[in-house]
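Trainee: Chain by chain, the residues:
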Amino acid sequence: MMSKPYLLLLGSLQEPILAYVSMKLARKAVTLVVMDFRQPCHDWPIVFSWGEGAGEPFLSAGRRLVPLVDIRSTYIRLGQVWKGTEEGAPDALHHRSVFPHLLSILPGLVVNPYEASNGNGAKPYQLMRIAQFGFNVPRTLVTSIPERAKEFFDVCRGRVIYKSISSVRSIVRRVTEDDLPRLEQIRHCPVQFQEYIPGVDLRVHVVGNRVFASQIETTSMDYRYTDEQSFRTIRAVELPMGLQEQCIGLARGLGLALAGIDLRRTVQGEYYCFEVNTSPAFTFYEEHTGQRIGDALVDMLCRGTV
Amino acid sequence: MVLLIAHSTDLFATRVAHRLQSQGQEVKIVSWPMLLFGEGFSWIGGCRPGLGDGEFRIQGARIPISDLTGILCFSSGRLEHLASNDWEADEKAYMFQEGAAAHLAILHGCPCPVFNLPVPGERVRLFFASRTGQDSLRAFSLRVAPMAVATSRQAALEWVDGYTGPLRLGSLFDPDCNRMGYFPNGLDEWDDTVISYPVFLQRFPQGQLYHIIIVGNSVIGGKVHHSDFDGSFVTGVIPEPIPQELTQALVHGAKSVGLGFCECLVLEREHGEWMCADWNEFPRLGHWSEAVGEMVIEQLCSVLRAGRVGS
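Protein chains in written order, with our numbering: chain A, 1 to 306; chain B, 1 to 311.
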């Protein structure tokens with residue numbers, strides 16, 4: 001009898017999306033190994049080997065020994081803890097050293113590989129990559145020089161937003177005339193400014209070769225954050241075939257098996273791409289649209305290929 | 001103009017700067033914290049109508065990014081060492097992340113050659129042994145020595161069990177923190193204090209060890225005597241001719257992992273087989289003899305003046 005292939009889940013089962021995916025995977029013919037990086041490393045020894053000439057590479061975690069060659073796929077959902085927000089925590093070393101190395105050697109399908117998953121940790125860098133795949137991207141300035149920010153505001157005729165440069169979650173806000181005196185503060189820490197592109201938001205989830213598009217209409221500047229006065233609807237839409245292919249090409253080009261692409265369609269029908277989320281919280285969109293993104297992800301993980 | 005990104009007291013950067021200046025080349029030294037949070041910069045992306053070039057402000061001068069002919073980074077964009085009592089811990093954490101993100105965009109957006117272009121999330125310490133690193137190096141007949149990462153002494157023993165040859169143990173953070181030993185009794189000589197952090201272990205194969213510095217299309221280095229080798233990159237190696245086939249493999253191998261300036265430890269095994277023991281993307285002057293250091297500086301200046309990392 002053939003043994004069931006291993007499927008590795010990296011992250012905490014307390015995290016809703018990983019829990020959701022693991023629940024779906026539990027019904028499949030795979031052996032799940034969950035590596036919760038929050039456990040103290042000395043309570044939970046990990047060793048993994050590679051290179052040539054010292055036997056079969058393996059991963060040993062807790063009491064389980066897994067030959068690397070038997071790992072069909074890995075799903076990683078490390079969230080903000082991964083980004084080092086728990087600086088000084090006893091297991092910060094795990095985040096910083098062990099897991100990146102483990103991710104760098106894992107065989108099979110990895111959703112998503114270490115370097116690719118860090119691509120949106122630097123949004124302007126990712127924007128350059130996105131433009132290489134033929135997408136329109138907004139004019140962008142990252143600066144710590146107030147007069148440059150003021151010039152950008154003028155060139156863009158006052159239609160400018162600002163947001164974080166890294167993956168630190170920030171609420172996208174419009175720059176107003178009232179903000180201009182405060183620009184002096186950017187001397188202490190650079191800020192990303194971007195030309196405001198009016199239009200309708202689209203979140204496109206690419207799962208391997210499958211595309212799930214949601215259209216979001218809102219009165220809020222950042223649809224993720226709405227208050228009682230704001231209006232927001234999210235519904236499934238079908239993208240033009242060429243755009244679907246472009247989205248698949250972008251995800252693949254960025255090395256992502258799973259991606260959440262943020263697009264905006266202008267009144268003129270042009271599509272702009274703002275960023276690509278490399279670990280998208282797709283359940284939010286699933287709840288609103290009924291799209292079976294999680295099922296597509298689970299199918300892909302079980303197949304072990306995109 | 002050549003830009004050297006290093007602390008102003010960095011001896012290596014200072015020597016490179018002096019050499020370039022003596023050759024009539026304009027050069028500036030600036031540290032990441034000073035550039036990102038001190039003097040200032042602007043970076044422009046997306047479509048550009050109405051926008052000029054990005055710029056750096058260094059020592060009061062305004063330098064268009066398009067005026068730079070080469071950049072050499074002597075350290076990563078990791079900014080944890082930035083210390084200011086004016087900021088709360090969460091503000092510092094935010095600045096580190098924003099600064100690191102800006103640093104990646106700046107270097108990738110520069111039209112001139114950059115030694116070495118960073119990758120998102122930084123290269124892991126053992127980047128050469130990653131899946132893609134191994135694939136890249138194998139294409140140039142470079143294999144990777146068997147190794148393991150372990151999070152505890154017990155975990156390390158699992159992998160070492162039964163092995164009696166030379167073993168190298170190192171930090172997953174610091175390329176300068178490694179040691180060598182022979183362990184007929186496993187890891188008895190390394191107590192829990194040594195393995196109090198996650199470490200890598202390497203079964204060090206027999207063979208002739210070389211310590212080689214790669215600068216563009218050239219290599220500088222020589223043989224390391226096993227008796228002199230303590231596991232670190234501080235070998236003080238004396239320069240000598242490097243076999244042509246190894247030179248070619250290393251230059252191409254380095255480029256394939258995105259590096260134009262780096263150092264590596266390579267073993268020549270039987271039948272002309274080459275095995276990589278370690279790579280370091282931020283070589284330091286103190287690792288080498290004065291003669292090797294001089295040759296490295298000269299070669300670095302040559303490629304920075306020429307405005308190319310190597311084609």
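Fair warning: there could be bad hints in the mix.
[As the list claims (entries may be wrong)] Ranges of calculated distance between the beta carbons of each label pair, as one might list FRET restraints:
(1) A:K150 x B:Q59: 41 to 49 Å
(2) B:Q23 x A:E147: 33 to 41 Å
(3) A:H188 x B:E294: 25 to 33 Å
(4) A:H188 x B:S66: 48 to 56 Å
(5) A:Q185 x B:D67: 25 to 33 Å
(6) B:M180 x A:K4: 47 to 55 Å
(7) B:Y197 x A:R64: 19 to 27 Å
(8) A:R252 x B:E91: 35 to 43 Å
(9) A:S170 x B:Y197: 39 to 47 Å
(10) B:E294 x A:R252: 54 to 62 Å
These are calculated hints, taken from the structure and not from any lab test.
Think of the CB as a built atom: it goes at the ideal place given N, C-alpha and C, for glycine as much as any other residue.
Trainee: Please write out, lowest number first, the hints stated earlier that are contradicted by the structure.
Mentor: 1, 3, 4, 6, 9, 10
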